[in-house]
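Since the structure of chain P is already known, use the hints to place chain R on it.
Chain residues, written in single-letter form:
There are 2 protein chains.
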Amino acid sequence: MSVTVVGSVALDTVETPWGRNEEGLGGAATYFALAAANYTRVHLVGVVGGDFPARHVELFESKGIDIEGMERIPGKTFRWTGRYHEDVNIRDTLETQLNVFEQFHPKLPEGARQAKYLFLGNIHPALQREVLEQAEAQFVGLDTMDLWIHTSLDELEAVLKRVDAIIINDSEVHDLTGAHNLVKGAQAIRELGPRIVVVKKGEHGCLMFEDGQTFFAPALPLAEVVDPTGAGDSFAGGFMGHIARQDATDSAILRQAAVHGSVLASFTCEAFGPNRLAEIDAEAIAERCQAFRELVTF
Amino acid sequence: MSVTVVGSVALDTVETPWGRNEEGLGGAATYFALAAANYTRVHLVGVVGGDFPARHVELFESKGIDIEGMERIPGKTFRWTGRYHEDVNIRDTLETQLNVFEQFHPKLPEGARQAKYLFLGNIHPALQREVLEQAEAQFVGLDTMDLWIHTSLDELEAVLKRVDAIIINDSEVHDLTGAHNLVKGAQAIRELGPRIVVVKKGEHGCLMFEDGQTFFAPALPLAEVVDPTGAGDSFAGGFMGHIARQDATDSAILRQAAVHGSVLASFTCEAFGPNRLAEIDAEAIAERCQAFRELVTF
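Protein sequence lines, in the order shown, are assigned to chains P and R.
When the letters of the first sequence are read in order and numbered with our numbering, they come out as residues 15 to 312.
When the letters of the second sequence are read in order and numbered with our numbering, they come out as residues 15 to 312.
Chain P on its own, in the form it takes in the complex (with noise of 0.2 Å):
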């Protein structure tokens, strides 16, 4: 079973008070593909410039992920440059060029459109519509952000009743709901359309609500966090690899799933950019797993 997404491939400038790395491969829907890509097919959506260097399409397609729905178009690539202060939860974004992500329009191919699972990445809710109406999946999961939250809210709205997983931050859900309480936020939530709410609180761990029932996955204690950037997107592509795989979205599975996701994020935050990410395996990753198990078990 293959999984599409739909996000941000970006370069990235990242500085830490550790060291900088200078337009790196970056955006959500990298990070997501090459943490499901460990799990099953990918089909990447997105936008490039002219500028995109080769060394990243080849990373992609050394990872078996399907690039025919990353178009490749005169400009320049997605550009973002953050930097991170010695408490690595503090992040200031210092500059945001969209260049061709701003026309940004998904095309999805033949194979994107039929893969049964979906992923919206954190795109504005117009195009997340529009990949919606194209895609046949079966199973739909969907990032946003605070910025769509207060400026596109119906049209989020309006695409969340269509899907079956929302993956957001703690603080997006009381921007979404205005809940101080993770638990009544989720439940707003849920009852806005997704059966599964998975809240990511960072290092604090994840917390994923459905059907009556609660689960909490930590994250992995790390005593190095090198570059924390696409954690989150590492822990959606985790998530919904392991689901695709296990072609399965039972209480079992989403559990597992969800300790899949903080394995892959555990993995993104010990290395600039993907560069760990790009470098696992499937022991590295059954390894992790337990290490997860062996932290929470009594």
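Incorrect hints may appear among the rest.
Which copy is meant is left open, because identical chains are indistinguishable; a pair holds if it fits in one copy or across any two.
Said to hold, decoys possible - Derived EDC-like pairs: lysine to aspartate or glutamate, alpha-carbon spacing no greater than 20 Å straight-line:
1) Lys198 <-> Glu100
2) Lys198 <-> Glu238
3) Lys77 <-> Glu293
4) Lys198 <-> Asp225
5) Lys215 <-> Asp101
6) Lys215 <-> Asp184
Simulated from the structure, these hints should not be mistaken for laboratory data.
Frame of chain P, contents of chain R only:
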């Protein structure tokens, strides 16, 4: 096996967006004792004024708590007034009246002195040292706070050399070690003395570091947090209470203890003051332990 706790017994006035509790029973030693009394005999060492209501004394006695070491002296009981915001993680201290607590020097009666387990509540480290000099405990836990870290670090470090477990908030790990990273901070604290470091993260659960192992226990996701005052002290009471009842401190017992701590903390949050904590029984604790197990099982 019994456990001795030394710390504050107070009258708390708590305001939340949902209600107000005027001069209710409070204080770290109170919450600890009521939590730990579910597991073992507790010796409470503290001080109250002549105004301390008889019904609170009766509550302690009804739980089998030994209050021989709770001095009653002329004057007013320690009072604290605080206000929680709609986001209950934000708390303002409106007033602190030390009153009889200002001149407190703990005196341990025979029973308290002979207890095998001892918990040094959040009092000045010089007083914690005075307790250590009287006690015959074989296993010592300790709480502290930013105030002592910033004003009495030498005395605190001297005490830390002599304790087995420290149970503190995540922000205090940073205050004590300068580390933003909890893994590194906990390691630095272990080098100061305690072999067991339990980091409380409020609604985000707790991390326990000991002898090369890391354990994570979530907080129970509650739809209604009525009053989180005393949750951390209840955690310590459940943690030390379980250890004392089992009379063991191996990893398996410590992991269970951290879950019992989280269980007791969750009850405390459900009502003002120790109202819910005071009414639970072994069956309620066992049921909630099971809920914690289901929360993390995959």
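Hints, verified against the model:
1. Lys198 <-> Glu100: This pair counts as between: shortest inter-copy Cα distance 13 Å, intra-copy 33 Å.
2. Lys198 <-> Glu238: Cα proximity of Lys198 and Glu238: across copies only (9 Å, versus 34 Å in one copy).
3. Lys77 <-> Glu293: Intra 10 Å, inter 57 Å, cutoff 20 Å: intra-copy only.
4. Lys198 <-> Asp225: Intra 14 Å, inter 38 Å, cutoff 20 Å: intra-copy only.
5. Lys215 <-> Asp101: Cα proximity of Lys215 and Asp101: in one copy and across copies (15 Å, 16 Å).
6. Lys215 <-> Asp184: Cα proximity of Lys215 and Asp184: in one copy and across copies (6 Å, 15 Å).
No hint from the list above goes unmet by this structure.
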